[in-house]
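Can you make the complete structure from the sequences, with help from the hints?
Chains Z and C supply the protein sequences, listed in that same order.
Quick note: the first sequence uses my numbering, first residue 6, plus one each step.
Quick note: the second sequence uses my numbering, first residue 276, plus one each step.
It is worth saying that the hints were derived from the structure and are not from the lab.
Keep in mind that this is a model prediction, so the values were computed, not measured.
Even glycine gets a Cβ: it sits at the ideal position worked out from N, Cα and C.
Fair warning: there could be bad hints in the mix.
[Said to hold, decoys possible] Reference listing, derived: stretches of chain Z covered by chain C, where coverage requires no fewer than 3 residues with Cβ under 8 Å from a Cβ of chain C:
#1 87 to 101
#2 273 to 285
[Unchecked claim] Each pair of labels, with its calculated beta carbon distance range:
#3 Val105(Z) / Arg285(C): 24 to 30 Å
#4 Asp209(Z) / Val363(C): 40 to 46 Å
#5 Asp218(Z) / Arg285(C): 39 to 45 Å
#6 Ile75(Z) / Ser414(C): 28 to 34 Å
#7 Ala304(Z) / Val451(C): 46 to 52 Å
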Amino acid sequence: MTLATATTRSGRTRPHGGPGGSRRRDGATWFLVLPALIPILILSVGPLLYGILLAFTDAQSGRTRSTQWIGVLNFQDLLHDTLFWDSFRIGLLWAVGVTVPQFVLALGLALLLNANLRMRWLARALAIVPWAMPEVVVGIMWRLVYNPDAGILNETIRDLGLGDGRDWLTGLATALPAVIVVGVWAGMPQTAVALLAGLQNTPDELHEAAALDGAGAWRRFRTVTWPAIRPVALAISALNFIWNFNSFALVYVLTSGGPGGRTRLPMLFAYEEAFRYGQFGYAAAMGCVMVAVISVLLAFYLVGRLRGGEDA
Amino acid sequence: MSLRTGRTARAGQYAALLCYLVFLAFPFLWLISTAFKPARELGSLHPTWIPEDPTLDNFRQAFDEQPLLRAAANSLTAALCAALIAVVIATPMAYVMARHRGRLSTAATGWVVVSQAFPFVLVIIPLFLVLKHLHLINSLWGLILVYVVWSLPFALWMLAGYVRAVPPELEEAAAVDGAGRARILMSVTAPLLAPGIVATALFAFITAWNEFFFALVLLKTPEKQTLPVVLTHFLGAEGVADLGPLAAAAFLATLPSLVLFAVIQKRITGGLTAGAVKH
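And the structure:
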């Protein structure tokens, strides 16, 4: 409903022209825009550019000597910093490992919520919990679940007679998968709700027509449902990937990057570099590299997807 | 389609839905269960879902161990101020973004999108230096400013969507009747936007209430710290005895977000997609 109104309205929206004189209108427009524009420039655009500049300096915290330009030295160091690239690899594993199941599970949930099932309201209500909860609490909560002695996961494993369970968050092999499950849990409902909105925008008549033609559930999904939700799916999975790659609080609370750096996401790595060791310039260079790589990956993803859409 | 396949498909759907319900609910139920368990049960090797001897001791102990009330007051101040300031400055700008197509609107929309892609590290270091220069490190006001700017992309996106849903004809009709621009905005547009503005403000409140990273970096002394930062102090000394108060405090910290989010959920999803369709 909202969608329909919004599109038709915006279709008709024209710039407010007419009498009144454009200069006076410009003045009024600036008056409306400035209160938000000034903070954005000082606290967002400015720092972003400043951050990129810092990457080319030897800025450190609490140092008396003045900061110097050092060109691409930080980037050269970064190139040989195996710890950083390990962390980067873990970050990519984490981002893909969270985003893909998040999307698949969310699509399943959205399709179920769109079907006329009885317990739907309960699922909708529960979907709010991970979405609204502070990330810190999500981390704390799952630490209780994963707790080796008092946690429900190991207790369930013991009850089922599958052994004694393990220390999930400190085991070298289990830490990253365990953290990924939490990431999927935390982001899935939001994705599901976005996809559900897309589904509800699909015209019912198309489904009925396809069903009359004898198309099975899968064919109907491929030919009717998927094309309708594709734009939403594309946007939300791209955003999820960025958000997951840049996530911090969840893993900070769950493992603080341990054991042995197995869950040290690039954000945690850069945070430690900047605020534990005070290497502002070096950490800023890490941030730049993260932005650059993520932008390139996303560009490939989006271009590939959009091309695929034209073929289909 | 025969009735039989329809019925098995239905059964499958219910089974799948049940799996989702369990997956979504069980960690939260476990948190609540832990919060009400006495220390003796938390130490037992066979924890149960339902506390045998439910108690409020954990809540009492949580308040004794950490300054939760002060932290909650800090969080409340930061979230309230940030939400109010954000909608007050975002609404006029969103109006311009929705109604005027020009370079300014394009740039603003571009910023909304780009700001989502930048990792906080790249922003936090220069932000830290800027705020230090303004003597706003370790101050709630510094944090509030950061939260305002940080919630603006979302607020602008939502509010611009709501403005587009207000028919421009209404404003034009008022203009024909001779109403001035300010008058039109205040008495025609603003009332229609009010529900959207409230929802946006509540969402900004929730994001600020939940936020951790900026608060961790910008607030140094314990007296200034917000609830999520103080919650992590429970993790410092790790031991079974601490699980109960930890769970109790975490549960309490979640309640405001859950309640507010339940109130605005429909509106938020509607606004998100309205904005998305436009672009």
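How the hints compare with the structure:
1. Only residues whose beta carbon comes within less than 8 Å of a beta carbon in chain C count, and the segment 87 to 101 of chain Z has 0; fewer than three means the coverage is violated.
2. Residues of the segment 273 to 285 of chain Z with a Cβ under 8 Å from some Cβ of chain C number 5, which satisfies the need for three, so the listed coverage holds.
3. For the hinted restraint 24 to 30 Å between Val105(Z) and Arg285(C), the CB-CB distance of approximately 28 Å keeps it satisfied.
4. Distance hint for Asp209(Z) and Val363(C): a CB-CB separation of about 42 Å, consistent with the stated range 40 to 46 Å.
5. For the hinted restraint 39 to 45 Å between Asp218(Z) and Arg285(C), the CB-CB distance of approximately 22 Å leaves it violated.
6. For Ile75(Z) and Ser414(C), the Cβ-Cβ distance of about 32 Å falls inside the hinted range of 28 to 34 Å, so the restraint holds.
7. Distance hint for Ala304(Z) and Val451(C): a CB-CB separation of about 48 Å, consistent with the stated range 46 to 52 Å.
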